[in-house]
Each structure stands twice: as C-alpha cells, then as structure tokens.
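Asks: So the chains spell out like this:
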Amino acid sequence: MPEFPLEKIAPFRWRLAESALQGMRVPGEIFASDEMIPRIIADKTPQQVAGVATLPGIVRASFAMPDIHWGYGFPIGGVAAFDLDKGVVSPGGVGYDINCGVTLIRSNLQVKEIFNQIPKLTDALFDHIPCGVGSEGKIKLSQRDQDEILSRGAEWVVKAGYADHSDLDRMEDHGRLDDNDPSLVSARTRQRAERQLGTLGSGNHFIEIQKVVDIYDEQAAQAFGLWKGQILVMIHSGSRGLGHQICEETLKIMQGVVRREGIDLPDRQLACAPIRSTEGENYLKAMRCAANFAWANRLTMVGLVRQTFASFYKKPWQSLDMNLVYDVCHNIAQIESHTVEGKKRQLCVHRKGATRALGPGDPRIPDAYRSVGQPILIPGDMGRASYVLAGTNKAEELTFSSSCHGAGRLLSRHAAINATRGEDIVKQLAAQGVFLRAKEKGTIHEEVPQAYKDAKDVTDVVVGAGVSKLVARMKPLGVVKG
Amino acid sequence: MYRTVAHQADIAIGVEADSLEGLFQESLAALIDLLTNGEAANVSGEELETFMIEADGFDNEVLLVGLLSELLFASQTLKWGPRKIVSVNLVPNARVSAIISGLPDGGGERLCREIKAVTYHYLKITHFDLWRVSIVFDV
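Protein chains in written order, with our numbering: chain A, 2 to 483; chain B, 1050 to 1188.
None of these hints come from the bench; they were simulated from the model.
Fair warning: there could be bad hints in the mix.
[What the hints assert, rightly or not] Calculated cross-link-like contacts (lysine-lysine; reagent style DSSO-like; alpha-carbon spacing at most 30 Å):
| hint | chain 1 | residue 1 | chain 2 | residue 2 |
| --- | --- | --- | --- | --- |
| 1 | A | Lys160 | A | Lys316 |
| 2 | A | Lys87 | A | Lys315 |
| 3 | A | Lys253 | B | Lys1133 |
| 4 | A | Lys442 | B | Lys1133 |
| 5 | A | Lys139 | A | Lys160 |
| 6 | B | Lys1173 | A | Lys45 |
| 7 | B | Lys1128 | A | Lys139 |
| 8 | B | Lys1133 | A | Lys440 |
[Claimed, not checked] Here are a few chain A residues that sit away from chain B, every Cβ distance over 12 Å (derived from the structure):
| hint | residue |
| --- | --- |
| 9 | His129 |
| 10 | Arg145 |
| 11 | Asp170 |
| 12 | Asp180 |
| 13 | Ser203 |
| 14 | Ala224 |
| 15 | Arg410 |
| 16 | Asp461 |
Just so it is clear, the structure is predicted and the values come from calculations on it, not from any experiment.
Yeah, the Cβ is synthetic: ideal placement off N, Cα and C, and Gly gets one too.
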C-alpha cells in the first residue's frame, strides 16, 4: 500500500483522501495517466499535494497537473485556490521565480527555406541575448525606469522602443498586474535587478527556434497564426534575481507570521499569511511588481530576438511577421472569480508550475483568439516536442481554469549528470537535427531530454481530462541555454 | 562536512558538525564549494580580502537561511569571489555573523554555478551525537 493512497475518480483524475495527512482541509486531486501513477507515488509528490491541502482557507482541493514533480513546499505543477477572507497567500506557492513563463513568437519563415541557417541563427541569438550564470544585460535601469517597470510591466518595454504596442494584446493580463506597490520592493531587490532586464538566466531557461510539425486543430491554429512547416521562436524565462529576492525576503517575514498566527505547517517552505493581513497584502503587491518585471524581461528578449532575425535576414521584423502568438505565466498567485458549488467566489489562485487556461468566450482572451480559447504554451525538453494547446471551459469546472506548464522533471540534476557522464550531448542532439549552444557545460547534462518526461505524455493527460485541447506540435531546431 | 542529497529539481545537501556554530561554518563552506565547483579550495596565490555577512532571526533555521542567502548576495550580486570561512559568531535564535575571505569586486565573475535561493524546505537543525541539517537550494 502506498503511503499516500490515490483513488481513480475519472479518466486521468486521481483523488488523495483528506485522511492521507493529518490536518488536510480538502482532498488532493492529481491529473495523471495510469502509467504516470507508480512514478508519482515513488517520488512521494502526493505528500506535497497533501501538505498544501493543510493550508487555511483552501477551497475544493489541492490540485496537481500531470507535469507534477517534487518541489519544495508546493509540488511543481500545483494549483490551489484560497478564500479571500479565511485563506492565506503563500510565496512558496508561487515560487522564487515569480512569473516564470513562456513567450512564443511566430514568423513567415518556412523550415525548408532556412534549415541550413539554423546553426548561424542560433549562434546569433546566443551572442545577442545575455544568458548563463549571473548574466547581465546592456540595459542599465535607473530608479525611475525600475519603478515604471514594476508598476507598468511590459508597457515600459513598448515605451522604450524594444517592442510594439500590439504585443501587449497577446500577453496574459496585457503584461501588467495592477494593485502593485514598487515602494515595497527593497533596495537590495532593485540592486539584483539593475542589469538583468533582457537576460535569459540559467538552469531550465531557454530560447528555441522551433518548427511546427503538426496541426491538430485548424481553426485554433489559424486564429493563433500557426501553420505546418512554420518557424517559431519560444522563450522560457522569468523575473530573474528580482523575483527571487522578493520571495526570499517575504518567506522570512512569513516565518514570523506563521508563528504569530499559530499555523501548523508540514513544511516551513509553505509559510504563508492571511490574504487580508498586512503581510499578505504586501506580498501580493510586491509579487505583482515582480510579475511585471518578468513580463518586461521576456518582452525585451522578444525585441532582441526580432533584432537578431532582422539583422540576419536584413529585413525589418515586421516583414518577417515576427508577431507574438502569446505570453503565459506559470508561477503566480492571482485574484480570480470562479464558480464553487454553484456560487461565484473571488479566490486567490496559486499556480506553481501551472498555466492559466481560459476557455472560449472569456473576455480576458484577446479578441482574435476568443472564439477558440486562450493559447497555452507547453515547452518540452531540448530534444523532443513542445506544444500549443488551447483552454477549455471544462478547465474552469475542474481546475480553476488551469493546465500543465511543461514536461516536468523525471531525473534529479545529479541523476541526469550521472546518467549522461562522458556522453557528447551536443553531438547527440545534432544527430537528431537539434543545434545546441549553451554557456555552461554542466547545464547541458542537467537538462538532457531524458531528465524530463515526454511533453506528449503530459499533454495527453490534460487533453484527455478535457482541461485543454491540442492545437499544434513543434520540434526544436536550435536551442540556446544558459 | 557535507554530502549532496538527491533532489528532483534542485540541489540538496546534508551537513553535520560537532557544534551549532560549526554547522553554520560547514554550511557556508559547502555553499562556497557548490558555487565554485570545488575550485575555491584549490586556488592559491590570490590576494584575498575579508568581508562580513550577518543575519538575524527568531530561530536557528531562519538564521541559517539568512546567513547563506547573504553569502549568495555577496557573491552573485556584489561579485565577491568567496574562498574560505574565517570565523562564525553565533548568538543562537537571535543573530549570526561570519567573516569570509575572498576576492573583492569581480572575483564572483568566476562562479561556476548559479544558486538562486536557499529554501526552508523541511529545514530542521537537529542535535544528537552531532549537529545536522539538510538544506535545499533553488537552482
């Protein structure tokens, strides 16, 4: 018998009873295939799903998406919603990299025309966009710039001339969360961010040149501007040191709040504060500043990608049709309205390694996509496929409008290094038609394809459960890693 | 003394020492080792300077996270290249400081690995025959 028994309640849905861990206030619910379950149990991630279920004011269930894996406090892939009056906000439920997310840029380039240019294009991206340990960009932000970015997010990037106003329509929340307060962002946090706008970072962050290999939903693909054989560029990055510093500082404050409020936690990383408390409200306001910085960071890199392509092809990016498909965030806490037991309620929805997935008709979706649902961008590993999905209305019913965020790790970083010791990963990927440029050798081994689940297995679950629909599949051609 | 412990997405270490102060010292040394991929212990002929880091908190776990986070900030943002722990001064459950020797301004450019944060994940300092703690770093 597993320590945390899971009961199948529907295809791809597994329930973790409230009795699994003392103090659980709601059940857990994990979205997974039959094949994934033994691994999920072996990794003990249901223990973290159960831990989240002990937090005050949690509503309906502690959810986990199929890319679930062991995190700290919250599992990666976790979704949890909290009542605004009785519930808590937890920085650990957002993660250190606040508004880590994915941007997808389309083009009118066809793979058959440019396949031989991929190594040079990848080199050009690698040279033009700072990446790797402690990477710093060319843009040095003044205090005034920082304040504007923290309060206005991606709008600053447009104002500074790195992106186009039309880009904002293709970003979750238009790349800006209001009800923020830059005065809550410490001097140290600002110092960490001073030279980090327009930088990729390290670890699992990447820029990929991809080709569209399959279209599954013609109507949605057409709305998103996707077609078979098309070249796309995907960026995965977040709020860099700024988000980390805000999370770190708040976690310390919330250790004290937990003690003051007498909240019993199974893991100190779940430290939290009542949403209506000064500490809770201050965290949400500072977190929104970090989310705004992350959107500005990704959109600045979009500008740098466009510059690279424009310079390479000696054409303006507009004539390469390098418009945004969409930008999604997958580490965030948002105040949203959801129906619970037939009643509309305002909830604080934490998504840690999960993507908002709005169904057709939702007014928050750009006009051009509203009839087909919000684009959901699912990066795969650097050898296998990534996906574009679309949100469904069933996601509102089942997961507070949430879906998966990526492939999800299968091996620890150490295990990945050990499993590939002595192997020439760059050569192996080249044999598969993937050109890789990475700053750090260690990162290559930590990020090998076999360290991740196949994104196909993950998307099969969210599609099978009805919380997303499949739109397109892409394969990597050129990869830039930090 | 420290050893790495398997963690699916990040880096975890187990540290042990004869004293609580020693545990803080060993934890700092382990972090320097991780940041420099073990190279800090092997360098010689560098003109080292010292710098101080400090943290406060209501319990020893908060102090440990605070002190390690200060070392991360000094090395990754202020670009200090840490080499050795000179001393640790601990007032349990109140405050801690450490003197570190290293390369000033720019020495941190040679760091091999980015460690983004020190987590509280299942963080618990224990004492039986030795003082022990497991620390998970976000990478």
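Asks: State for each hint whether it applies.
Replies: So, going through the hints one by one against the coordinates:
Among the hinted pairs, A/Lys160 with A/Lys316 is consistent with the structure: their alpha-carbon atoms are about 22 Å apart, no more than 30 Å. In summary, the hint linking A/Lys87 to A/Lys315 is not supported, as the alpha carbons are separated by about 58 Å, beyond the 30 Å threshold. Pair hint A/Lys253 plus B/Lys1133 holds up; C-alpha atoms about 26 Å apart against a cutoff of 30 Å. For the suggested pair A/Lys442 and B/Lys1133, the alpha carbons sit about 26 Å apart, so the restraint of at most 30 Å is met.
Between A/Lys139 and A/Lys160, the direct Cα distance comes to roughly 17 Å. Compliance with the 30 Å bound is thereby established for this hinted pair. Proximity of B/Lys1173 to A/Lys45 is assessed by CA-CA distance (about 19 Å); at most 30 Å being required, the pair is judged to hold. Proposed proximity of B/Lys1128 and A/Lys139 is supported: the alpha carbons are some 17 Å apart, at most 30 Å. Distance restraint check for B/Lys1133 and A/Lys440: the Cα-Cα separation of roughly 27 Å lies within the 30 Å cut-off, and the hinted pair is therefore satisfied.
Every CB of chain B lies more than 12 Å from the CB of A/His129, the least distance being 20 Å, so the non-interface label holds. No Cβ of chain B approaches the Cβ of A/Arg145 within 12 Å, the least distance being about 21 Å, so the stated non-interface status holds. Against chain B, the non-interface label of A/Asp170 holds: every CB pair exceeds 12 Å, the least being about 32 Å. With a cut of 12 Å on Cβ distances, A/Asp180 stays outside the contact zone with chain B, its closest approach being about 25 Å.
With a minimum CB-CB distance of about 5 Å to chain B, A/Ser203 fails to clear the 12 Å threshold, and the non-interface call is violated. Its beta-carbon lying about 34 Å from the closest one in chain B, A/Ala224 satisfies the requirement of being farther than 12 Å from that chain. Some Cβ of chain B comes within 12 Å of the Cβ of A/Arg410; the nearest lies about 5 Å off, and the non-interface call is violated. Distance check on A/Asp461: its Cβ is at least 21 Å (rounded) from any Cβ of chain B, clearing the 12 Å threshold; non-interface status holds.
Consistency note: the structure conflicts with the earlier hints numbered 2, 13, 15.
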